[in-house]
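**Student:** Residues per chain, in single letters:
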Amino acid sequence: MILKEFRELRRDRRTMGMLIALPILLLVVFGYAANFTVDTIETAALGPQADQVAAQAPTLFDVTEVDVDGDRDTAETMLRDNVVDVAIVTGEQPPLALVDGSALFTAQTAVSVLNRLGDQVQVQVLFNPMLETSWVMVPAIIGLILAFIGTVVTSIGLVKERQSGTLEQLAVMPIKPSAIILGKIAPYFLLASIDMILVTVLGMLLFDVPFNGNPIAFGAGAALFLFVVLGLGVFISTISKTTGQAIQTALFFMLPQILLSGMIFPLEAMPWGVRWISYLLPLTYFTMISQGVMLRGATIESLWPAFLVLAVMAVAVFSGAVLRFRRDLAPSRRRHRASPSRGRAGSGEAS
Amino acid sequence: MTDGTYGVKDLYVTFGRNRALEDVTLAIPARQITAVVGGDGAGKSTLMRTLAGRYAPSAGLVAAPDARRIGYQSAASGSWADLTVGENVAFVGASYGLSGERLARRAEELLGRAGLGDVRDRLAGDLSGGMRAKLGFCLAMLHEPDLLILDEPTTGVDPVSRVEVWRLISEAAADGASVVLATTYMDEAERAASLLVLENGRTLLSGSPEDVVASLPGAIVETTAARRPEFSWRRGSAHREWWPAGAPEGEATIRPDLEDVVIVASLRELQTHRGVR
Chain H
1 MILKEFRELR RDRRTMGMLI ALPILLLVVF GYAANFTVDT IETAALGPQA DQVAAQAPTL
61 FDVTEVDVDG DRDTAETMLR DNVVDVAIVT GEQPPLALVD GSALFTAQTA VSVLNRLGDQ
121 VQVQVLFNPM LETSWVMVPA IIGLILAFIG TVVTSIGLVK ERQSGTLEQL AVMPIKPSAI
181 ILGKIAPYFL LASIDMILVT VLGMLLFDVP FNGNPIAFGA GAALFLFVVL GLGVFISTIS
241 KTTGQAIQTA LFFMLPQILL SGMIFPLEAM PWGVRWISYL LPLTYFTMIS QGVMLRGATI
301 ESLWPAFLVL AVMAVAVFSG AVLRFRRDLA PSRRRHRASP SRGRAGSGEA S
Chain L
1 MTDGTYGVKD LYVTFGRNRA LEDVTLAIPA RQITAVVGGD GAGKSTLMRT LAGRYAPSAG
61 LVAAPDARRI GYQSAASGSW ADLTVGENVA FVGASYGLSG ERLARRAEEL LGRAGLGDVR
121 DRLAGDLSGG MRAKLGFCLA MLHEPDLLIL DEPTTGVDPV SRVEVWRLIS EAAADGASVV
181 LATTYMDEAE RAASLLVLEN GRTLLSGSPE DVVASLPGAI VETTAARRPE FSWRRGSAHR
241 EWWPAGAPEG EATIRPDLED VVIVASLREL QTHRGVR
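Those protein sequences? They're chains H and L, same order as listed.
Mapping the first sequence onto the numbering used here, position 80 (from 1) lands on 80, and the numbers just tick up by one.
Mapping the second sequence onto the numbering used here, position 267 (from 1) lands on 267, and the numbers just tick up by one.
Next up, chain H with everything else stripped away, as it sits in the complex (with noise of 0.2 Å):
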C-alpha cells in the first residue's frame, strides 16, 4: 500500500511540486519576506531650509527628493504621487511632517520616530489619518476576490465542461471558438465585476474606507487586472484534466499573490531577494492602483507604471491563453480549412 502511494505520488508531478514547492515558497516567505519592519522611508524635504532637513534627518529617513521652492501642495502631490511616504515641508516652526497613511507600515513606523521628536515637528498623516488597516486591507481583497473568481473559479467551470465531455460538443456544434471562448469567460467577468463593485461598497459602509479618486480610474484598473487573472484561469484550465488539478494548479498562482503582492507584508520590507517575484505578480499591481485611487485619489497619469505593466501582462496572458485554449476547442480547423462543398482532403500530420 505504500509503495503503492508513493509509486502514484511520483506520477502526480502537481502533488510533488506542491509537496516540494510550497514548503520551499513558505519557508522563504516567512523567513525573509514575513517582516513588518521598515528600515527605509523614501522622504522629500520642501521648503527654504529643505537642505538642513535633508543633512539632519534620522537615518531611517532617506531623502531621495529636495525642494527649496515647493510647499505643502508640493508636498501632498508627492504624497498622492507615491513619489515619497513622508513629506516635510519646512518655513514655519515647527516644521510639518506629511505621513502617507496608505502605506500603513511605513507610516506607523514614521510616525512613530516623528512623535519621538516631540515638539520638533509637527506630524500629519494623510489619506489614512487613524491608520487604520482596514482602510489598507479593503483594496488589496478586492484585488484577491478578484483573483480568486478569475483564476480558481473561471478555470473549475471551464475543465468541468472538458470533463463532462460537453466541450468536445460544444467544438463540433456551428459556434465560432471566439464565440465559445466569449460566452465562457463572459459571465466570469460579469460576476466578477458585481463582486468588485459589492466588495468595494460594503468596505465603505462597513469600515468608512474612503473613495477619493475617480471610479473610471479603478474600473480601468480592475478590468485589466481582470483579463491577467481569466487568462490565467484559461490557461490554468488548458493544462489541467480535472477540477482537483485545477484548484491544484491555482493554488500555486494564488498563494505567491496573497503572500508576496504587498497585500500582507509591506514590499517595502522586503529584501530585493524576494521582492522581485513580488514585482512579477499581477495583484501587486493591482492593488498599488486599488489603494492608491481609493485611499490617496490617484489619477491615471500618476500611477501609469502599474497601469502600463498590467496592461503587457493583460495582453501577453489573456491572448495567450485563449489562443491555447482555442487550439484545444478547434485542433482540425487550426491546420485544415474544410471545404465549402462536402469534402475535407488532408494532406499533412493532424495534431
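Source of the hints: derived by calculation from the structure; they are not laboratory data.
Note that CB positions come from ideal geometry on N, CA and C, so glycine has one too.
Any given hint might turn out to be false.
As the list claims (entries may be wrong) - Derived Cβ-Cβ restraints for the label pairs, each shown as a range:
1. L/Glu-87 <-> H/Thr-299: 44 to 54 Å
2. H/Ile-24 <-> L/Gly-117: 37 to 47 Å
3. L/Glu-101 <-> H/Leu-22: 33 to 43 Å
4. L/Asp-10 <-> H/Ala-21: 41 to 51 Å
5. L/Gly-125 <-> H/Leu-3: 32 to 42 Å
6. L/Gly-117 <-> H/Leu-3: 26 to 36 Å
7. L/Asp-10 <-> H/Leu-308: 46 to 56 Å
Assemble chain L onto chain H, guided by the hints.
**Tutor:** Okay, now just chain L, sitting in the frame of chain H:
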C-alpha cells in the same frame, strides 16, 4: 462517395508520431445505420470525431455535410448536467438556429418519442444513464441532421434503455438520416446495414453483417478443451476453435455469428504479427 452518401476514403489520422487511423474507408449511406466496431483504442472515436470535423485527416478524404447538418453525440452523454432537459434542448436548438414554434414542436416530438416529455424540468445530471443517453440522442437529432454521428450511444446503458435508444436510432435512419455509430456490442453491430471493424486503427473487416459472417474461411468447432490455443476462445462454458482448412474429420462445425468472425479476424491479425499461421 456519391448520391448523398457520406464517409471516408483512404483516411489516415495521426497525432504526432502516433497513427490513430490508417487507410480506412467507410461509406455511410442515407436511410441506413452503419456501425463501427472495435475494442478500446481501436480508433472508433477518432473516426467519429474526424467525421464530425473535430480532427483533420492527415491524408485521405472525408465526405461530410456542413457542421449545421451534422448531429453528434460524444461518448460522454452529450448533455449539460447542470441544465434541465428543457434548457439543454433550448441551448442546442438555439446553437443550430432553431427557435420559437419550430423548436417547441421538434422538442415535443423528440422528447415524447424518447419518453422524456415529463422530465423537462429535471436536471440532466439527475437523469438515469439510459435517460441521459436518450437526451444526448435527442440533442444530436434536434436539428434533423443529414449525418448523425453517435459515439457509443449505448455504452453503460441498461438493456431496456438500449432497446429504446435503438428504436430512436432506427427511426432517425428511417426518416432519412445517414447514421453512423460506434459500438463495442456485437448484437448492435449485427442490426446495422453495414459495418466496419477496426483494430489498432486499421480495417479488420467491412461489409454487411451477413457478408462479413459469410467471408470467414475454414470452419469453427466447439470443444471442451483448446487444442489450437492461438485460435481458441471461450464462448459461455465451451471453447470454440477456428480451423482454416476445415474442421477435423468427424467433428461437427457450428454456424458462426458476427462475434466469432470478429474474434477470428482479430486472432489472425495478432498471429500474423507474431508470424504464426
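**Student:** Now, for every hint given, state plainly whether the structure supports it.
**Tutor:** Hint by hint, here is what the structure shows:
1. L/Glu-87 <-> H/Thr-299: 44 to 54 Å: About 46 Å separates the Cβ atoms of L/Glu-87 and H/Thr-299, which means 44 to 54 Å holds.
2. H/Ile-24 <-> L/Gly-117: 37 to 47 Å: violated, 59 Å
3. L/Glu-101 <-> H/Leu-22: 33 to 43 Å: Given about 58 Å between the Cβ atoms, the range is violated.
4. L/Asp-10 <-> H/Ala-21: 41 to 51 Å: holds, 50 Å
5. L/Gly-125 <-> H/Leu-3: 32 to 42 Å: Distance hint for L/Gly-125, H/Leu-3 holds at roughly 37 Å.
6. L/Gly-117 <-> H/Leu-3: 26 to 36 Å: This hint is violated: roughly 54 Å between Cβ atoms.
7. L/Asp-10 <-> H/Leu-308: 46 to 56 Å: Given range 46 to 56 Å: holds, Cβ gap about 55 Å.
Hint compliance for this structure: hints 2, 3 and 6 are not met, and every other hint is.
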